[in-house]
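Sequences are here, hints too, so could you generate the full structure?
So the protein lines, in turn, are chains V and R.
Our numbering puts the first residue of the first sequence at 32, with every later residue one more than the last.
Our numbering puts the first residue of the second sequence at 5, with every later residue one more than the last.
Mixed in with the good hints there might be a few duds.
[Stated by the list, open to error] Dumping the calculated BS3-like pairs for lysine-lysine here, alpha-carbon to alpha-carbon at most 27 Å:
hint	chain 1	residue 1	chain 2	residue 2
1	V	Lys214	V	Lys72
2	V	Lys409	R	Lys285
3	R	Lys276	V	Lys214
4	V	Lys352	V	Lys72
5	R	Lys318	V	Lys72
6	V	Lys308	V	Lys352
7	V	Lys352	V	Lys277
8	V	Lys409	V	Lys58
9	R	Lys321	V	Lys58
10	V	Lys58	V	Lys277
11	V	Lys277	V	Lys308
12	R	Lys285	V	Lys308
13	R	Lys285	V	Lys352
14	R	Lys321	V	Lys352
15	V	Lys277	V	Lys72
16	V	Lys58	V	Lys72
17	V	Lys214	V	Lys277
18	V	Lys72	R	Lys321
19	V	Lys214	R	Lys285
[Unchecked claim] From the structure, some residues in chain V lie toward chain R, with a derived Cβ separation under 7 Å:
hint	residue
20	Pro174
21	Ile204
22	Tyr211
23	Tyr215
24	Ser247
25	Ile249
26	Leu250
27	Phe252
28	Lys384
29	Val385
30	Gln390
31	Ile407
32	Phe410
33	Thr412
[To be verified] Stretches of chain V that chain R covers, calculated by requiring three or more beta carbons in the stretch to come under 8 Å of a beta carbon on chain R:
hint	region
34	274 to 283
35	320 to 333
36	337 to 350
These aren't lab readings, by the way, just hints derived from the structure by calculation.
Predicted model, so just to flag it, every value in this text is computed and none were measured.
Ideal Cβ positions, reconstructed from N, Cα and C, are used throughout, including at glycine.
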Amino acid sequence: MSDIDRVSSIAPPPSGGGTSSRDVNEKDFALQRERSQRIIKAITPFVSIVIAILVSSIFIVATGGNPVAAFQALFQGAFGTPRAVGETLLRTTPLIFTGLALAYGFRSGVFNIGAEGQLYMGGLAAAYFGVTFGGMSTYLAIPLIIILAAAAGAAWAFIPALMKVRIGANEVITTMMFTYIGKYVVSWLVTGPLADNSGIPQTAQLPPASTLQRLSAILPFLGTGRAHLGIVFAVLLAVVIWAVLKYTTLGFEARAVGYNPFASQTGGISVGATIVKSLCISGALAGVAGAVEVMGVYGRLFDNFSNNFGFTGIAVALLAKNNPLGVIAAALLFGALDAGGGTMQLEAGVSQKVINIIQAVIIFTIAAETIVTWSIEKFRTRKEAGL
Amino acid sequence: MSILAQVFTADLFAAAVRLATPIALAAMGAAICERAGVVNIALEGMMLVSAFFGTVVAIFAHSAWLGVFGGVAAALVFAALHALASVNLRADQIVSGVAINLLALGVTGFLMEAIFGHPGTTDPVPTIPPVFDFPTGGSGPLATIWTWIDTIFLSYTPIVYFGIFCAVFMTWALFRTRWGLRLRALGEHPRAADTVGISVLRGRWVAVLISGAMAGLAGANLALEQVGGFTENMTNGRGFIALAAMIFGRWVPGFGYLASLLFGFADALQIKLQIFTNVIKIPPQFFLALPYVLTVIVLAGVVGKAVAPAADGKPYKAKG
Numbered sequence: 032m033s034d035i036d037r038v039s040s041i042a043p044p045p046s047g048g049g050t051s052s053r054d055v056n057e058k059d060f061a062l063q064r065e066r067s068q069r070i071i072k073a074i075t076p077f078v079s080i081v082i083a084i085l086v087s088s089i090f091i092v093a094t095g096g097n098p099v100a101a102f103q104a105l106f107q108g109a110f111g112t113p114r115a116v117g118e119t120l121l122r123t124t125p126l127i128f129t130g131l132a133l134a135y136g137f138r139s140g141v142f143n144i145g146a147e148g149q150l151y152m153g154g155l156a157a158a159y160f161g162v163t164f165g166g167m168s169t170y171l172a173i174p175l176i177i178i179l180a181a182a183a184g185a186a187w188a189f190i191p192a193l194m195k196v197r198i199g200a201n202e203v204i205t206t207m208m209f210t211y212i213g214k215y216v217v218s219w220l221v222t223g224p225l226a227d228n229s230g231i232p233q234t235a236q237l238p239p240a241s242t243l244q245r246l247s248a249i250l251p252f253l254g255t256g257r258a259h260l261g262i263v264f265a266v267l268l269a270v271v272i273w274a275v276l277k278y279t280t281l282g283f284e285a286r287a288v289g290y291n292p293f294a295s296q297t298g299g300i301s302v303g304a305t306i307v308k309s310l311c312i313s314g315a316l317a318g319v320a321g322a323v324e325v326m327g328v329y330g331r332l333f334d335n336f337s338n339n340f341g342f343t344g345i346a347v348a349l350l351a352k353n354n355p356l357g358v359i360a361a362a363l364l365f366g367a368l369d370a371g372g373g374t375m376q377l378e379a380g381v382s383q384k385v386i387n388i389i390q391a392v393i394i395f396t397i398a399a400e401t402i403v404t405w406s407i408e409k410f411r412t413r414k415e416a417g418l
Numbered sequence: 005m006s007i008l009a010q011v012f013t014a015d016l017f018a019a020a021v022r023l024a025t026p027i028a029l030a031a032m033g034a035a036i037c038e039r040a041g042v043v044n045i046a047l048e049g050m051m052l053v054s055a056f057f058g059t060v061v062a063i064f065a066h067s068a069w070l071g072v073f074g075g076v077a078a079a080l081v082f083a084a085l086h087a088l089a090s091v092n093l094r095a096d097q098i099v100s101g102v103a104i105n106l107l108a109l110g111v112t113g114f115l116m117e118a119i120f121g122h123p124g125t126t127d128p129v130p131t132i133p134p135v136f137d138f139p140t141g142g143s144g145p146l147a148t149i150w151t152w153i154d155t156i157f158l159s160y161t162p163i164v165y166f167g168i169f170c171a172v173f174m175t176w177a178l179f180r181t182r183w184g185l186r187l188r189a190l191g192e193h194p195r196a197a198d199t200v201g202i203s204v205l206r207g208r209w210v211a212v213l214i215s216g217a218m219a220g221l222a223g224a225n226l227a228l229e230q231v232g233g234f235t236e237n238m239t240n241g242r243g244f245i246a247l248a249a250m251i252f253g254r255w256v257p258g259f260g261y262l263a264s265l266l267f268g269f270a271d272a273l274q275i276k277l278q279i280f281t282n283v284i285k286i287p288p289q290f291f292l293a294l295p296y297v298l299t300v301i302v303l304a305g306v307v308g309k310a311v312a313p314a315a316d317g318k319p320y321k322a323k324g
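Given below as structure tokens:
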């Protein structure tokens with residue numbers, strides 16, 4: 032019996048011996064098996080979070096830290112005060128957009144690993160047009176800027192999309208290269224052509240009309256510090272993307288191509304056009320993330336302004352199983368990790384880099400789902416054996 | 005004209021070979037890996053952990069060579085993770101690779117602060133010296149020619165020469181040996197290979213481990229032969245460029261090496277040209293972006309004609 036056989040034979044429920052020795056006919060068995068697999072699929076994300084916390088705890092213990100104190104400090108830093116909650120929401124906001132970007136891509140079978148680059152382009156558009164449209168009414172300026180930022184993100188994804196469809200260039204390499212190029216473009220623009228006159232490599236401060244209001248400025252009793260309106264927009268957009276995927280032709284085609292491009296082609300869907308559309312929509316969503324950061328948090332653009340939100344979006348989308356509504360919850364988790372990381376480092380002396388490890392383990396366990404199914408089965412058989 | 009003469013020196017070509025080496029090592033390993041049917045997008049992470057653990061071992065064992073072994077060992081551990089996920093657990097190989105890249109970033113960053121007490125760059129380590137040290141200099145055309153030969157062919161560190169050796173040896177092994185034929189069968193038609201009694205599981209594991217060892221050498225070369233220390237995220241996309249070089253080299257290790265020379269040359273050129281920014285008046289970011297732009301151009305021009313192994317990236321499940 033090879034290892035492959037051993038792994039694949041783990042999934043079905045235990046048969047023969049044990050507690051259930053009653054007669055089960057084949058149909059019942061199949062139904063039961065499908066149900067248990069569906070349950071396992073549903074709890075996979077939670078199990079992978081637990082595994083990630085365990086693995087990161089090992090790292091913390093190995094370097095002489097106390098994982099319980101570390102995670103307590105992290106939780107306190109993320110949710111302890113209204114201000115901390117605000118900080119969590121602040122970091123959740125861009126992650127919802129990038130998570131949606133990746134999830135939309137994954138749904139149609141493209142891996143937009145370069146969301147970070149599109150995010151930079153969106154930020155660039157917001158920094159430029161934010162100043163240009165500063166004289167307009169804010170109700171006109173903000174939607175316009177967001178649309179232009181989305182277009183910038185989509186444009187940055189368009190060439191990789193075209194390369195994928197026309198010549199089969201893997202988007203994982205091309206979008207990654209475009210990320211590096213995009214970061215250098217921004218680096219050049221903020222040091223030269225778009226620099227303000229402060230001597231610091233950054234663009235000019237956005238006028239009030241093109242900045243996003245803080246939540247606490249509208250509803251002072253919230254006391255949520257720097258959290259801004261972007262979070263409301265992000266949640267709404269998640270619902271919109273969910274509806275687009277579920278109810279529109281656009282979304283249906285994207286999902287169909289993601290499931291089976293050959294069948295879709297046979298069924299009359301243009302696979303190439305769908306992939307280009309999906310990657311551009313993904314890029315547009317990432318572009319909005321950058322714009323919202325510029326308009327809501329910093330009010331300007333500078334080098335390395337993104338805290339790798341594009342890459343964290345990968346973990347967000349995978350943890351959410353590419354469900355746009357799930358993205359909100361997954362983004363909140365990673366936003367909280369990000370916000371609490373500083374407190375953890377200060378109070379428990381554990382480097383916040385441990386968050387990268389947590390992210391990686393979550394992605395890894397979801398990719399290798401069998402690890403999770405295997406641990407669940409192991410756990411269940413042990414329980415049944417009365418341990 | 006004088007600028008051209010200042011730019012295109014023997015040093016430039018030697019720098020191109022040196023800078024191409026980490027990319028080439030990773031690209032050749034990846035070619036073996038994909039020929040066996042496993043996509044390895046985790047090259048970047050494997051290079052990074054090797055560079056880190058290589059530096060750490062070199063610092064604490066006071067031996068750059070032990071550092072090389074330490075680095076390769078660390079990369080092998082990460083490669084084993086990738087093999088476990090993509091071969092045994094039939095995970096999405098690209099997602100698994102991304103997880104490993106992120107894990108490498110996290111582990112190196114975390115341990116960096118735990119060991120050295122600060123983020124950023126480790127203490128410096130002495131670099132491994134070049135293999136040969138022939139006297140150069142003197143005057144006359146003969147001395148000039150000798151200096152060129154010495155710089156372009158005889159000035160390198162051990163891993164650079166090992167890379168050149170691999171370009172020949174791996175191509176031979178892959179296309180002229182029974183082992184190579186069997187390995188390629190795993191990437192073209194694993195079912196057929198399985199039917200005639202070749203173990204898909206073992207073959208793919210070996211291929212992923214070879215790729216890990218090569219990426220490990222690439223990281224060791226970067227940290228212990230070129231830089232002399234570790235800086236967070238010092239690989240800076242080289243793992244992805246290596247994948248492009250592998251495709252440009254049509255999944256043939258030797259061609260992958262030649263493709264890497266192109267990227268090495270672009271890198272050497274951009275470093276050299278940065279010296280002349282006050283003369284040429286071009287922002288440095290344009291030069292810095294050059295290797296990445298070149299990668300895109302190369303992919304745009306070549307990919308359509310290059311065909312990946314048929315079962316590349318597809319998990320294999322034995323019927324049982």
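Going down the list of hints, with the structure as the test:
1. Of the supplied pair hints, the one linking Lys214 of chain V and Lys72 of chain V is violated, its CA atoms being roughly 38 Å apart against a limit of 27 Å.
2. The straight-line distance between the Cα atoms of Lys409 of chain V and Lys285 of chain R is roughly 65 Å, outside the 27 Å bound, and the hint therefore fails.
3. Restraint check for Lys276 of chain R and Lys214 of chain V: the C-alpha separation of about 21 Å stays at or below 27 Å, so the hint holds.
4. At roughly 10 Å between alpha-carbon atoms, Lys352 of chain V and Lys72 of chain V fall within 27 Å of each other, so this suggested pair holds.
5. Pair hint Lys318 of chain R plus Lys72 of chain V holds up; C-alpha atoms about 22 Å apart against a cutoff of 27 Å.
6. For the given pair, Lys308 of chain V sits about 21 Å from Lys352 of chain V by alpha-carbon distance, which is consistent with the 27 Å threshold.
7. Taking the CA atoms of Lys352 of chain V and Lys277 of chain V, the gap is near 15 Å; set against the 27 Å cutoff, the hint holds.
8. Pair hint Lys409 of chain V plus Lys58 of chain V holds up; C-alpha atoms about 25 Å apart against a cutoff of 27 Å.
9. A distance of roughly 25 Å separates the Cα atoms of Lys321 of chain R and Lys58 of chain V; the hinted pair therefore holds under the 27 Å criterion.
10. In summary, the hint linking Lys58 of chain V to Lys277 of chain V is not supported, as the alpha carbons are separated by about 31 Å, beyond the 27 Å threshold.
11. This hinted pair checks out: Lys277 of chain V and Lys308 of chain V have alpha carbons roughly 16 Å apart, not beyond 27 Å.
12. Distance hint between Lys285 of chain R and Lys308 of chain V is unfulfilled; the C-alpha atoms sit about 39 Å from each other, more than 27 Å.
13. Taking the CA atoms of Lys285 of chain R and Lys352 of chain V, the gap is near 49 Å; set against the 27 Å cutoff, the hint is violated.
14. The hinted pair formed by Lys321 of chain R and Lys352 of chain V meets the criterion: a straight-line CA distance of about 23 Å does not exceed 27 Å.
15. Our distance criterion of 27 Å between C-alpha atoms is met by Lys277 of chain V and Lys72 of chain V, whose separation comes to about 20 Å.
16. Of the supplied pair hints, the one linking Lys58 of chain V and Lys72 of chain V holds, its CA atoms being roughly 21 Å apart against a limit of 27 Å.
17. Simply put, Lys214 of chain V and Lys277 of chain V have alpha-carbon atoms about 34 Å apart, too far for the 27 Å limit, and the pair is violated.
18. Restraint check for Lys72 of chain V and Lys321 of chain R: satisfied, since their Cα atoms lie roughly 20 Å apart, inside the 27 Å limit.
19. At roughly 20 Å between alpha-carbon atoms, Lys214 of chain V and Lys285 of chain R fall within 27 Å of each other, so this suggested pair holds.
20. Annotation: interface hint on Pro174 of chain V violated; nearest CB of chain R at approximately 32 Å, more than 7 Å.
21. Restraint check, Ile204 of chain V versus chain R: the minimum CB separation of about 5 Å is within 7 Å; hint holds.
22. For Tyr211 of chain V, the shortest C-beta to C-beta distance to chain R is roughly 4 Å, which falls under 7 Å, so the interface hint holds.
23. For Tyr215 of chain V, the shortest C-beta to C-beta distance to chain R is roughly 4 Å, which falls under 7 Å, so the interface hint holds.
24. Hint on Ser247 of chain V is violated. Least Cβ distance to chain R is approximately 32 Å, over the 7 Å limit.
25. With its C-beta approaching chain R no nearer than about 36 Å, Ile249 of chain V sits outside the 7 Å limit, and its interface hint is violated.
26. Taking 7 Å as the C-beta cut-off, the interface hint given for Leu250 of chain V is violated, the closest approach to chain R being about 37 Å.
27. About 38 Å separates the beta-carbon of Phe252 of chain V from the nearest beta-carbon of chain R, more than 7 Å, and the hint is not met.
28. Among the interface hints, the one on Lys384 of chain V holds; its C-beta lies about 4 Å from the nearest C-beta in chain R, closer than the 7 Å criterion.
29. Restraint check, Val385 of chain V versus chain R: the minimum CB separation of about 5 Å is within 7 Å; hint holds.
30. Evaluation of the Gln390 of chain V hint against chain R yields a held restraint, the C-beta minimum of about 6 Å falling below 7 Å.
31. The criterion of a C-beta within 7 Å of any C-beta in chain R is not met by Ile407 of chain V, whose closest approach is roughly 14 Å, and the hint is violated.
32. Nearest Cβ of chain R to the Cβ of Phe410 of chain V: about 18 Å, over the 7 Å cut. The hint is violated.
33. With a least beta-carbon distance of about 19 Å to chain R, the hint placing Thr412 of chain V at the interface is violated under the 7 Å criterion.
34. Closer than 8 Å: that is the beta-carbon criterion, and the region 274 to 283 of chain V has 0 residues meeting it against chain R, so the requirement of 3 is violated.
35. A stretch counts as covered by a chain when three or more of its residues have a beta carbon under 8 Å from one of that chain; for the region 320 to 333 of chain V and chain R the count is 0, and the coverage is violated.
36. Coverage of the region 337 to 350 of chain V by chain R holds. Counting CB-CB distances below 8 Å, 4 residues qualify, and the rule asks for three or more.
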